[in-house]
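Novice: Going line by line, the protein sequences match chains W and P.
The letter at position 282 of the first sequence is residue 287 when you use this note's numbering, and the numbering goes up by one with no holes.
The letter at position 251 of the second sequence is residue 256 when you use this note's numbering, and the numbering goes up by one with no holes.
No lab work stands behind these hints: they were computed from the structure.
Among the hints, erroneous ones may be present.
Which copy? The list can't say, so a pair holds if one copy fits it or any two copies do.
SDA-like mimics (lysine to any residue), calculated; alpha carbons at most 25 Å apart, straight line [as the list claims (entries may be wrong)]: (1) K178 / E92; (2) K39 / N326; (3) K276 / S215; (4) K276 / R246; (5) K276 / L330; (6) K39 / A325; (7) K39 / A103; (8) K276 / E131; (9) K227 / A328; (10) K39 / H99; (11) K173 / A328; (12) K227 / D150; (13) K227 / A171; (14) K39 / E329; (15) K178 / S52; (16) K39 / S254; (17) K39 / R263; (18) K39 / G298; (19) K39 / D129; (20) K173 / G58; (21) K178 / D217; (22) K173 / L259; (23) K276 / L259; (24) K173 / Y54.
These are the residues of each chain, in order.
2 protein chains.
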Amino acid sequence: MPQPGLDILALGNAIVDVLSHTDERFLVDHALHKGTMALIDEARAESLYAAMGPAVIVSGGSAANTAVGAAALGARTGFVGKVRDDELGRLFSHDLNATGVAFATAPATSGPATARCFVLVTPDGERTMNTYLGACQDLNPSDIDEATVAAARIVYLEGYLWDPPAAKEAFRKAVGIAHGAGNRVALSLSDPFCVDRYRAEFRELVRDGSVDILFANIHELKSLYETADEDTALAALRQERLLGVVTRSSDGALVVSREGTEEVAAFPVDKVVDTTGAGDLFAAGFLAGLSRGLDARSCARLGGLAAAEVIGHLGARPQANLAELAVREGVLPG
Amino acid sequence: MPQPGLDILALGNAIVDVLSHTDERFLVDHALHKGTMALIDEARAESLYAAMGPAVIVSGGSAANTAVGAAALGARTGFVGKVRDDELGRLFSHDLNATGVAFATAPATSGPATARCFVLVTPDGERTMNTYLGACQDLNPSDIDEATVAAARIVYLEGYLWDPPAAKEAFRKAVGIAHGAGNRVALSLSDPFCVDRYRAEFRELVRDGSVDILFANIHELKSLYETADEDTALAALRQERLLGVVTRSSDGALVVSREGTEEVAAFPVDKVVDTTGAGDLFAAGFLAGLSRGLDARSCARLGGLAAAEVIGHLGARPQANLAELAVREGVLPG
């Protein structure tokens, strides 16, 4: 069923997050690399879950979080991703539909269960993620509806899609359709380790014109250009023919293009409870801003506001009414 | 399998909460009575879920919340309640085990799914609950292990157990064993509407010596004694041969006995996000205090601290380390 006229169509892994507070010791004991995402198999998923503390379950998935945030800020948004027809899959679908995100990808009726990500949150608010991809591995090019993609002004893709093999083809198909229809493609680099796994392909996507807008945090950007130096990475980014949006946690964001670099301060946050989804919600605000025709600075401010809300509580989906919050904070007109 | 030597054995409905922020309008549109708990059937559960916003899933159940809070504060705690052997049932069990609550009730292998409670949280932080009892209806006297109950210093029961028919018999069996072994029985009145449904029986339990410690909020107490006047209700409570613990939200708690009434101030709270579990966690702190041999005032302060933590976030299970928090706030010695 085509979904015509979307502002943003997001493609990503359809994941339910299982979040738990933990201490640094737990990360060490289970050989987890703090602040990153690791892929795990079913056996590891079972043993990690058995070892971890009481959890909160919230729908997640990087691009899905972005879709929800953008929809909450008024953008007409859709999502493409694969769940199974199980309890967690229904939960994931409910949460998208309930936020007004159009989601029509057929669930898998056999094979692995809906994907889950075990998120360990340390006292500093940093999150360490362990993803069992499950049904996400079934996403394939036949899930890409040509009419829907062609009618979406921005197609947004997460780098994590490079992990399940067939999803990459779906990604490439969507890029082809979007550009064929004269629309823009945005990519999030997702995670420095993910960049490490697929650096050559990501570099090519960025170079060959597949990507018009690139979202990255500074760690991912340094990984992309294989440098430990921030300025070197930013200089390399400035040479690409795209709009670069670089987040740097509490140091705010940079909007980078051949024309120059714009610095936008982060939103003040009372207490960082859980950074899960910070980057996703930044992208959500930025893209929602673009769909409203705002300038880059205003888009980045809207991104900062959405990111600030999501790190104030457990889970990567907004709990406050983002649109009301944006008006109250003077980021959007009332 | 008996669990000897528990400080607290809690009996209650085993429920997973599905929590969502909503507005006042939603309550009106769906004929929900704000601040209370309503029982719903499966069809109503489906339609409410479809209508409600994106949700956060957290294990719940009144007495189970209390068990988790008490365990987090160092009490040796067990729980008796019925889930099904499904995804949500495993989640519920995991969260108890992960907090160190002994939970050995056999899950149902057929019949209705694990119970869920749809919790609508309005902007004032008040919660309105809609419970589909599911597998809880299978709890029965054979689930009560005599040795475990006899060895528990306090058996804690939720009034909600009067809703599933066979659970009431399990409740009575546990009371008989506890008193036969010379241990104490505590009861929470749960909800003013629940009191309304079973007033005569609850009055009898309170009068006939079945209950040694009674937890109630002021609304439940007024419902129990069928009076709109707080002082009348408290005077009636003072006549019972038990220890009464009455919570009054931000006005703090009263510890009431024939010897007199002690007033204990509420803990300061920055922002009330979601009151779900406030009463449960108050009882948790109070009972954990009793198990440490603290006096009534100190028990009530520990209860207030645990309640204050849980209303600062979505869901009725503590997210902070309650034991550390109690030391930091000077409520427990370091």
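Novice: In ascending order, which of the hints set out earlier in this document are inconsistent with the structure?
Specialist: 1, 3, 4, 9, 11, 12, 13, 15, 17, 18, 20, 22, 24
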